[in-house]
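J.: Sequence:
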Amino acid sequence: MEVVNGDPNPGPSTQYEENFPSLPSVRIPSQTRLSNIKSFAANNITTIIEIPVSELKGDLKRQGDVCGEISKSCGVEIVLTNCKNKSLSVMITGPQSQVEKAKSQVTQSLHMQGKRVIKISHEHHRHLIGHMGMRKRAIEEKTLTKIIVPNPESNSDEIVIEGPHKCLEAAEQEIRKTIKQYSEQVRQNLNIEQEYHVFVNGPRNKTLNKIQTETGAKINIPPYTKTSNEITVVGKKEEVAKAVKQINDLIESLKKCYVNQLIPVDIDSSKFDYIIGPRNSGITEIFEQTGMFIDPPLENCNQFRFRGDSNNLGNALVAIYKKANSTDIETVTAPQHLHRLLIGKNGSALNEIRKGYLDVAISFPETGEHIKIEGPVEEVSAIKNRLQARVVELMASHHLETLEVDPKYQGKLLDFLRQYFRSRKLNVRQVKAAECGMPENEQHIFLEGEVSAVETTKAEALKMVKKWTNEKTKDVIVEPRIQDLLRNDKPAPINEIYNEFKEVSVRWPQDNTRRSQSSPQTSNVGISPSTTSHVVQLSGPRDQVDAAYEKLAKLIKKVRDENYEQEFSIFEDCRDRILGPTICKLLKDTNTRIRYFDREKTRGVIFGVQSNVETAIVQLERLQRSLATIEEVTITLPSWMLTKKAGNSNARLRSIREQCEGVQLKQVPANPRKLIISGPPQSIEKAKGLIDSISTNMPEGCTEATVICDPMHHGQLIGRNGANLKRFRERHNVEVLIPEQNETDPKLANEICLVGEKDAVSKAAAELQQTIKNWEDEGETSIECDADVLQDLKNYIFAFHYPELQNVKIFYPKPTPPPNSNQTVVNGNGQTNIKTRIRGPKSCLQEAEQCLQTVIEDIKSQKTVTQPITEQTHSQAFRKLRSTLPEVERSHKVLIKLHLEKEPIQNGESTIYGHITYIGPQERIDDAIMNGINPLLPVNEVVVFPQEFYGKLFVSEQSQQQVDRTQGNRRGQKISFQKSNQKSNQPETVEETPAKTRLIGLQRKYNVIINVPKRTSSEQITVSGTPEAVQGCKKELEALGAKLQAEKADWEARTYEEALNVEKRFLNRIISGHKHQVFEKYGVAIFTRGQRASKNNNAAVAAFDKNVDENAPKTNGETSLDQPSALPDLSRFAGFTLLDTTLVPLIIQGYKEKVQLVREELEKVLEDCSTFECQELVIPRDTHARLIGSQRSSIRPFEEKYDVEVEFPPRGCRENQTEIVLVLGPKNKADAAANELAYMLDSGTPAHLTKITSFHQGSPSCNCYFI
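For what it's worth, full-length UniProt numbering labels the leading residue of the sequence shown as 1, then goes sequentially.
Honestly, the hints are just simulated from the structure, not real lab data. As the structure is a computational prediction, the values presented were derived from the model and not from experiment.
Straight-line Cα separation of at most 30 Å, DSSO-like style, residue types lysine-lysine; simulated pairs:
hint	residue 1	residue 2
1	LYS61	LYS115
2	LYS554	LYS747
3	LYS835	LYS893
4	LYS255	LYS218
5	LYS747	LYS758
6	LYS242	LYS210
7	LYS115	LYS1201
8	LYS880	LYS863
9	LYS345	LYS384
10	LYS893	LYS842
11	LYS245	LYS210
12	LYS558	LYS585
Derived DEER-like restraints, expressed as beta-carbon distance ranges:
hint	residue 1	residue 2	range
13	ASN441	ASP759	52 to 58 Å
14	GLU1058	SER1194	35 to 41 Å
15	MET930	PRO886	16 to 22 Å
16	ILE1009	GLU141	57 to 63 Å
17	ASP759	ASP406	49 to 55 Å
For every residue, glycine included, the Cβ atom is placed at its ideal position computed from N, Cα and C.
Could you build the full structure based on these sequences and the hints that come with them?
T.: Here it is as structure tokens:
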């Protein structure tokens, strides 16, 4: 029961409060909510130092130089301002520590320094200096002084303080306060055995902190690693005594029942870590609970040392056993390859398993399958169940199998597996040994995936390996020319082998060369290109390979006999008569065939049976001699030209034939030195000259070099119509001898002979070898593609950017290649597939092949989507975006075709302006529409913007330079010293032309159209443009509206006004003397609004007359000698401001709190002004100008000197007012000013003086007397 005022019976008011309790205050939740918010402190602060002109040191230039150096050294910004009273205002901005440092330096450099000497015993100087002088520097920065402490060796007691006069007293007080504070401290050392120190500290230093808090002393206990019994107590005498007493009492009470004993515990040593805890947290917890301190056991020991009260020994043992049994360890077995899946990316999967049991730790071994789970007993079992369930789930989806395969079959097997995975679309992948935690073994291949898919793949792989093991491979040496005849003739003879032996695979040298170039790992080591180009491999079952070999050997002999070749040439003079029916009849009669080397059909070969070919050549030569003027000359070659040094004679003769048009060279088989030259006479002479030149120069200065080159590169070396070979000969001036195309000797087919001068041959050979090396470093591969895909493939590669295809060349086949073309491949079933060849660096071929395969798959899955353009704005946008569409195509890899109609087409209710077509996979088309095309099309967005701020959108914003210039003009001359990194020598930047209004600026910035409605219609502004630009413009408009709302609220708070009635005679003093001061200090403006001069200049005189009549002294008709016999005529003061007591409202504008402070200050000033007195002086009119000076330059120092106001007759005054001068100010100062002003005339004649006093609010009363 509640007792109210001593009455046990509650009154009616109490019952009412119980029945209707008051609601809780609404401020409590807000305060609770805001209590957790940290206060924000700006990084930079600003402080202002004002130095009076009387205490200023140095001129303006020196002040600027000094402040510039301080600004650079301290990294702050310093601004100097010359005030109206010639004082200097220094504003420092920067980090707080640097500002304090700069403030001290500025004061010492610009402020006149005073000096004060104080005497303090040198024994206490160390208390003033502090550690490393930090205490002395802190006092110097705080008081803006410099403290000079004498050297300890001098034993002097004098401390010198230098600084501004007003700061010396504060510095002295700080020094004496500091020394008094630290000199009263005492230090006492206690000798307590080190084993008891831990009890003085207490668990988590609680005992130590409690003693220090209660006593106020500071206790220093040596660390446990240092052997010392000394405990130091520092503080005031009473505080130290209390702390020492508490420590001694604690130790004495502990010694009464103290125990220090080793006790063995029956706990497994593996659980000692749970008892000790991380950073001894377990021991500390036991110490806190039981008061018994425990030392952990040594290595290979189970004895704990217990120290403390013997009564707590049992509780400590119980706590140890409890901690040892609070944690459990479990193990889960999981294959090594599942560990990374159990952990997940950045531990995400593991965190999901540990969700809700964060105290459990899961450890994965580097090697092995046992996962360790450690934590609280009840939580470890739950985590173990989760982990086992996850392992079972992963074992089903990530089954691992190992294939043991001979390394020689691994390359073929990996190719087979890649194609198998792609064709069957199986969720199986090959993993490395390191990923699955298995040891490296070159015979092992690891497969991971679903159980059924992995087992199926393993079975297929073992089946293929078994098949390859039972296969046999046999090589057949076949000339390249015969290979082409076997594969490309009509019909192809090799089809007999394909049809009869379908299980036998035939590998041609061209296919092997391209495969070895694209896969360098599978290339045959020790086999030259010349050998591989003649080797055809048969692989398959043993019996079928042997039978196919015998059949192929017979087929090769048959083809070689039926295709004997012999070269011929036709002279130009008889070419027209031989070609046509004549040559056709000759070939028909001899049963031979012909193939020309050039378009002019002057050179070629005749092939067929050898006897028929020789007969055809003889008949052709006989026919040419009969049809043209042909000469035949037989010459004898030097014997050395038939030696090995001369090189290949056939190649040399062919070179001469190429240089001499229309010449035929033929050696006599019976006598190789005999050479028959036939042809036109001029050509014969040229050929004889070349042979003579070779015969003359070869033995003297010429040499030869042999370069090995694969015949597959001969075509690249010769070039189209021999252009590359001709340029090479002219560039190096050497003879290049290339083997015949049908050369049967593999060694000679690879040798290119260079003949010429020694230097030229060496340079040509080096260049040719480097060129061949570059060709050999290149590889070639091919992929199959359908004819209907070929054109789309070209379009995709041309339109899109594929980095994988940059370093390779792609050779596209013709849509329908001829059967004997090299771009067709005939398989065992007789089917013909078109192939696209890729040639380039070997390292890039695999990526390029995969890229083309991906492109072909995209083409096969591509779709065509056509969308009509039904909005005029979209049509206009597409006309401007034509150049942007290729970029959208490349980024989204979708072909885009745009068709815009010249005239819109009306289709029912809708109007069609064109169509846009997308070609590609459906996912990419959707992505291109959503993220590529739609962001480029204009949209309309409505932004809510207050109507009252519409005008702000049509107002131009001043640039920052204009704002700074305006502020500089308002606040007077300023000198700014920026930080050291802001130098005047920085390059000037050209400013962009500012927008006329904010609206135009936003439209230019975001390239949008902004529609602002009329003020009276709506607050919704429409923004049109691309979605990204519209969102950016919308955010900026919303931010601008919020900014303007904040500015409006701040302006309303800043423009709070209060009126203070001030007599007009004090108005000038208040405004001129306090306007700048209150604005700088409080940010408050004071001014008058709508003040008008009084129309009746005699108002003040009338008020004076009334007041004089009321307050005139009663003399009963007697006249005093101390006062004038008659009162002055106050009408003479009409129009003078200093006698006008009319109340004028003085407006004080600013924040409300600041306005009230300023009002209080001004009321105090007006109270002081009420004691002022006014004196009248009669001064000749002709001296007024000299006393006033130009723009009051002479009278202003006089007014400042005496703190008075002097008023001369106003313009348009009457004749009796022309010599009146009034002086208003404090009594003493007004007297002194009037006296000095009265005797300032050159004539030395004193002016008449009238004293007017006792001014009050309302009508003044005056006492007048004349001098």
